[in-house]
Structure formats: structure tokens, C-alpha cells
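Chemist: Residue-level listing of the chains:
There are 2 protein chains.
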Amino acid sequence: MERRYTEDELIASVFAPIAGQAALGLADDAALLPASSDGLVVTTDALVSGVHFFADDPPGMIARKALRVNLSDLAAKGAEPLGFLLALALPSDWTNDWLHAFASGLGEDAGAYHCPLLGGDTVATPGTLTISITALGRAPRGCFVARRGARAGDAIYVTGTIGDAALGLALRLEAVASLKARGQGGLDREPSGSPLAKQARDFLLGRYLLPQPRVALAPALREHASAAMDISDGLAGDLTKLTRVSNIGAVVELARVPLSPAAREAIAIDPTLFDVAMTGGDDYEILCCVRGDSAGFEAAARNSSISVTKIGEATADAGPPVFLDAQKNIKVFNRLSFSHF
Amino acid sequence: MERRYTEDELIASVFAPIAGQAALGLADDAALLPASSDGLVVTTDALVSGVHFFADDPPGMIARKALRVNLSDLAAKGAEPLGFLLALALPSDWTNDWLHAFASGLGEDAGAYHCPLLGGDTVATPGTLTISITALGRAPRGCFVARRGARAGDAIYVTGTIGDAALGLALRLEAVASLKARGQGGLDREPSGSPLAKQARDFLLGRYLLPQPRVALAPALREHASAAMDISDGLAGDLTKLTRVSNIGAVVELARVPLSPAAREAIAIDPTLFDVAMTGGDDYEILCCVRGDSAGFEAAARNSSISVTKIGEATADAGPPVFLDAQKNIKVFNRLSFSHF
Numbered sequence: 001m002e003r004r005y006t007e008d009e010l011i012a013s014v015f016a017p018i019a020g021q022a023a024l025g026l027a028d029d030a031a032l033l034p035a036s037s038d039g040l041v042v043t044t045d046a047l048v049s050g051v052h053f054f055a056d057d058p059p060g061m062i063a064r065k066a067l068r069v070n071l072s073d074l075a076a077k078g079a080e081p082l083g084f085l086l087a088l089a090l091p092s093d094w095t096n097d098w099l100h101a102f103a104s105g106l107g108e109d110a111g112a113y114h115c116p117l118l119g120g121d122t123v124a125t126p127g128t129l130t131i132s133i134t135a136l137g138r139a140p141r142g143c144f145v146a147r148r149g150a151r152a153g154d155a156i157y158v159t160g161t162i163g164d165a166a167l168g169l170a171l172r173l174e175a176v177a178s179l180k181a182r183g184q185g186g187l188d189r190e191p192s193g194s195p196l197a198k199q200a201r202d203f204l205l206g207r208y209l210l211p212q213p214r215v216a217l218a219p220a221l222r223e224h225a226s227a228a229m230d231i232s233d234g235l236a237g238d239l240t241k242l243t244r245v246s247n248i249g250a251v252v253e254l255a256r257v258p259l260s261p262a263a264r265e266a267i268a269i270d271p272t273l274f275d276v277a278m279t280g281g282d283d284y285e286i287l288c289c290v291r292g293d294s295a296g297f298e299a300a301a302r303n304s305s306i307s308v309t310k311i312g313e314a315t316a317d318a319g320p321p322v323f324l325d326a327q328k329n330i331k332v333f334n335r336l337s338f339s340h341f
Numbered sequence: 001m002e003r004r005y006t007e008d009e010l011i012a013s014v015f016a017p018i019a020g021q022a023a024l025g026l027a028d029d030a031a032l033l034p035a036s037s038d039g040l041v042v043t044t045d046a047l048v049s050g051v052h053f054f055a056d057d058p059p060g061m062i063a064r065k066a067l068r069v070n071l072s073d074l075a076a077k078g079a080e081p082l083g084f085l086l087a088l089a090l091p092s093d094w095t096n097d098w099l100h101a102f103a104s105g106l107g108e109d110a111g112a113y114h115c116p117l118l119g120g121d122t123v124a125t126p127g128t129l130t131i132s133i134t135a136l137g138r139a140p141r142g143c144f145v146a147r148r149g150a151r152a153g154d155a156i157y158v159t160g161t162i163g164d165a166a167l168g169l170a171l172r173l174e175a176v177a178s179l180k181a182r183g184q185g186g187l188d189r190e191p192s193g194s195p196l197a198k199q200a201r202d203f204l205l206g207r208y209l210l211p212q213p214r215v216a217l218a219p220a221l222r223e224h225a226s227a228a229m230d231i232s233d234g235l236a237g238d239l240t241k242l243t244r245v246s247n248i249g250a251v252v253e254l255a256r257v258p259l260s261p262a263a264r265e266a267i268a269i270d271p272t273l274f275d276v277a278m279t280g281g282d283d284y285e286i287l288c289c290v291r292g293d294s295a296g297f298e299a300a301a302r303n304s305s306i307s308v309t310k311i312g313e314a315t316a317d318a319g320p321p322v323f324l325d326a327q328k329n330i331k332v333f334n335r336l337s338f339s340h341f
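Sequence lines, in order, name chains A and B. Just so you know, the working numbering puts 324 at position 324 of the first sequence, and the rest follows in order with no gaps. Just so you know, the working numbering puts 54 at position 54 of the second sequence, and the rest follows in order with no gaps.
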């Protein structure tokens, strides 16, 4: 076996190339960021192998997902990325190649999102691969879009399309199960007569593998949103969290919730998957409330090339959101959200 | 079994009570810190069960150690704590009681060191308990004490006493081995005729269990130090890192390196333990260089009630530090530092 890097070599050859200036070449114990007239937004998210991603996912994708879920939080708060710190717990079977691929994916996104590596810690673990990232962002002029702050009458919006990642995960899990029960049905029946086109399947799998954080929407949120959060545990449950802290209610027209063509195709095959789409995790789209100038928000979103869709309205009756189906009947979900915990 | 908290309950009842104001009650996805005219210092350290602590250590102690190793980094940079973020990967056997004890220890130190919890993420892991903490500090007027910056002629100082934690770990590991080989000797021969007094043993074990970050020294370091770092991987190896990035050499008189009475007692029993003390990890003392006004530095340290000891001097010949024994002979260590990795 190729000799593996020492810790110092690993830092110098794998991580230093993707570090920002404030990281001092990763040759110090901390990074220094200059004073700023902006507020500082901080968030942390940890990803565990076998829980938040699959151990055999491409290492670059794992790294990018770990960074992107944090970028998604910054975006929802209206913050611009400043940089991130990485705590990486590596199980004993790591290789130099795996680490280079991991760092390569990480560096690609660090560059694309202007969010350099500021520091980190690499440790050995007898357990599973665990990636903890803390992202720092700046809140221009102290602007911060809280989860709390929505009021009755505010329009409720989401970005992108909802449920793709949850459907992608369902496909992925079925693929795992199908190793034991091949040909027993489910969505992933390809190649023996798949009801879901390969293109749709790949799209949904890709949406689970690699979230698209809506970083470009941050300025529009700062300008127009009364409250916002990213959707990580399912639309239904996350909207419930938002209305609870804002002490409001909400009415959502489910027919308005934006679905991708692939999700529509999957749901047409198996209508029970609609609930999965509305309550499953890993969307990393943004849920926000807008007071007053909806047209202004929509124009600002268009300018940032992020699609937004109005799905409902905040109401004065504090309580769980009311979901209406196409016939205006109340739809009750068996569970509201996905929990890895 | 008692019903365990849901993730929301866990945040509200365990962690929200120790959160700072900027954490927004831990009911948001990020924390907001106001703009400041100070620089921002950020550092991260991860601790893994079975690697950085023992799984059966008291949960409050595990939590405090995890925070303190980060506070130690801030202190070495001359930074004042602002707050921290916690990413906690919990294995499946966690209990509410364990978590309350963990948070209680964490809250105690968060209060004592004025370093409130700002945010976090709690996830399930099929692996081992992993605690990743990112600490934020402020660098008044942009002052930051880098690891790089020492020059020939600078005096080299350390805080506290060196090697206690490494000896404590040695005792602890021997205690584990002694479950299989009781009475086969080593330091921990108690109660069947211990050569190391219980008081000394307890002191060394305590120094491993709970570091004492030298937070109070930060102002003196800002004022007087040309370079500094905390000693986490052993004095010999960490001084080597400091001289390498500063492109200098160093001469250290080993007889000057401050040892606790307990460490002296242990080394008197087994002289080979001196090398363990000089090269073992987990001291979390501060190593720093001072140019010119050594008396001023010593007075400032005295005012902050932190003991400092001059152990040597930086030299112009770039290269590994030279360690001299009491007879001024060069002492060569078989290995320079401890690596968990």
C-alpha cells in the first residue's frame, strides 16, 4: 500500500491549496478575519456516513454536500459566505487518493461560492466518517433574515422544486434493498421494464447527492423576506417550525408546490410518493415569507436566476399549517418531516 | 427505558439553557454576532471517543475538555472568547441523563470563560461519540499572535507545568492494561504497594482529564509575544513546529522546563518517563516567544496569575530545536511528539 500522509503532509498537500488568505496557510492554530462593519452569521452542520450520505458516494460529492448544506443555511439568512472550518473524523481505511478527491470537490465549491477554507482539524476515528463544517457569513449592515418574524398576510414562497431529494433517496434505498429482492418492484425496476425514465431517475438521484444552495437569493431575501429558513427536513415540517416560532398559522395550496418533471413522473407512477416529496428531507431549497411587495421579491429572485413560487399565505391563527389539496380539502400528513436523528 | 428526547426537545431542554443571546434561542439555523471593530479569530478541534478521551469519562468532563482545547487555541492567539458552535454526533446508546450531564459541564465552562453556545447540530451516528467545536474569539485592535514571527534572540517561555497530562494518560492506559495484568508493575501498582502517591496519581490523571486553558494570559501575549501556540502534541514537537514556520532555531535547557511535583515524583520512579513528559500530548499549556522586555512579560503574566517559565532562547540557525540536559549535552528524543492521527 502507498505510504499515507502524516497529518502535517495531509494539511500541506491536501488542504492548504484550498485555504483562504485568513487561514494563514493552515500553519497556525486559528484563522484571523479582519474587522468588518457587517454582522457575522455562523452556522454548523455535521454529516455522518451512512446517515447523511452513502459511504460509497464519490468523495468529492460528499465534501461538496457537506459544504453546501452549510451554504444553504447562510443563504436562507441572507448572508454572504466568508469561509468555513472543517473538522474531519477519518476512519482507519482512508487513502491519499480518497482525501485528494474529497479536497478537490471541496475546493471546487469553495471557489465557486467564494467560501474559502479557514481552518480545520483532522482526527482519526474508530467509528464512521464524520464531517463537521462551520460556515461563517457576513450580514451586510447587520441584515439577518430570522426564522421568526413572519406575520399574518405574508406570502409564503419556496425556491426551486420540492421533494426531489427525498425521492432520490427513496430510489437509492430501494436500489440497496433490491440487492436482496431484485425484480420485486418499486420505482427502480430498470432495466427489466422501468416505469421511471432513466433521465428522471438520474435527476432525482443527483438532487439527493448534491444540493443546490440558493446562495444567489441572499440579497433578495435581505431586501424582501420577513422570515426564512432552508428546507432540510421536509417542507411540511419545516414550515411548521417557521410558523411556530413566528406564532402564526399558514395555509398552503399543495397544487402550487413546485414539482420537477421527474418528481411528477415518479408521483404519477406511485401517488403515495407525493407525501414523501412534501415531508422528506434534503431539499435545501429556501422557504420564506414576504410582506407586501411580492412583485418586487419575484423580480429580485428573477434577477438572481433563482425560481421562486408562492405556495400559500401566513394566517393569524397560530397553529400547525393547513395544507389544502386541489379540491380545497385539508390534507393531513402522517408525519410532517424527516428526521435523521 | 425512559423516553428519549426528540431533536427539538433536546435542543430546547438541554442546549438552549446554555446558549448565548446571539444564538437566538437555538430556534434559528444560524447565530448573528454584531459588527465589531475587532478582528475575528476562529479555530476548530474535534474530539473522538476512544481517541481523545475515554468513553467512560464523566460526560461533563468530556464536554469541558472539548470546549477547553478550543479555548486554549484562542488564548494562544491572544484572543478573547466570543462563543462557540457544537456539532455533536451521538451513538445510539445515548440517554437523556448523559446529555444533561454533558450540557451541564459545557454550560459551566461556557459561563466561567464567557464563551456562550452560539449554535450547533446534533446528529445520530452508527460510530463513536464525536464532538466538534468551533470557537470564535475577538482579537482586540486586530492583534493576533501568530505561530510564525519569532526571531533569533527571543526568549522562549511556557506556562504552567509540562508533561502532566501525558503522564496521566500513561497511568490511565496502564490502568486499562492492568485489568488483564494486575500486579505486573508499572506506576499504578496501588493498592499493593504503590510507588506513586495517590495524590500525585490523581493530580496527573486530572491533568489529562481536564485541561486548564490559559485564557487569562491572552492580554500579556498580545502585548509581549512575538509568536505563540498552545502545546497539544508535546513540547518538543510543538516547539519544532513553531521554529520551522518562523525559520529559526532554538536552544532549550531541559532542566528549566517546569515540572509539577507529581511529574517529578513519577520521573524519579521511572526516569524514562521524562521523555514522555517532554514529547507527550495534551498539555494545553502555552509556548511563546518574547522579544526584549521579558521582565514586562513576566510581570503581566504574574498579574494574570499564570505562571510562566523561560526555558530557552530562539537562535538564528534554522533547524530543529536543540535540547540540552543538565550537563549541557544534547538530548535526542526518539520521537518529538504525540500524534492521535
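Because the hints were derived from the structure by calculation, they are not lab data. Note that beta-carbon positions come from the ideal geometry of N, C-alpha and C, so glycine has one too. Treat the hints with care, as some may be off.
[Said to hold, decoys possible] These stretches of chain A come out as covered by chain B in the derived footprint (C-beta under 8 Å, 3 or more residues):
id: 1; stretch: 127-136
id: 2; stretch: 197-205
[As the list claims (entries may be wrong)] Covered stretches of chain B, as calculated for chain A (at least 3 residues, CB under 8 Å):
id: 3; stretch: 143-156
id: 4; stretch: 214-221
[Claimed, not checked] Beta-carbon label-pair distances, calculated as ranges:
id: 5; chain 1: B; residue 1: P34; chain 2: A; residue 2: L324; range: 37 to 45 Å
id: 6; chain 1: A; residue 1: H340; chain 2: B; residue 2: A55; range: 17 to 25 Å
id: 7; chain 1: A; residue 1: E108; chain 2: B; residue 2: D8; range: 42 to 50 Å
id: 8; chain 1: B; residue 1: A55; chain 2: A; residue 2: E313; range: 27 to 35 Å
Chemist: Within 17 to 25 Å or not, the Cβ separation of H340 (chain A) and A55 (chain B)?
Modeler: 23 Å, holds
Chemist: Given that the stretch 127-136 of chain A was listed as covered by chain B, double-check it with a C-beta distance under 8 Å for 3 or more residues.
Modeler: Three-residue rule met by the stretch 127-136 of chain A, so holds; n is 6.
Chemist: Does 37 to 45 Å hold as the CB distance between P34 (chain B) and L324 (chain A), or does it fail?
Modeler: Holds - the Cβ-Cβ distance for P34 (chain B) and L324 (chain A), about 41 Å, lies within 37 to 45 Å.
Chemist: Counting residues of the stretch 197-205 of chain A whose CB is closer than 8 Å to a CB in chain B, do you get three or more?
Modeler: With 0 residues closer than 8 Å to chain B, the stretch 197-205 of chain A misses the three-residue bar; violated.
Chemist: E108 (chain A) and D8 (chain B), beta-carbon distance inside 42 to 50 Å?
Modeler: 35 Å, violated
Chemist: Closer than 8 Å, Cβ to Cβ, for at least three residues: run that test on the stretch 143-156 of chain B against chain A and report holds or violated.
Modeler: Since three or more residues must qualify, the claim that chain A covers the stretch 143-156 of chain B holds, with 4 doing so at under 8 Å.
Chemist: Indicate whether the distance between the beta carbons of A55 (chain B) and E313 (chain A) respects the range 27 to 35 Å.
Modeler: 51 Å, violated
Chemist: Verify this for me: three or more residues of the stretch 214-221 of chain B with a beta carbon less than 8 Å from a beta carbon of chain A.
Modeler: violated (count 0)
Hint violations for this structure: numbers 2, 4, 7, 8, all remaining hints satisfied.
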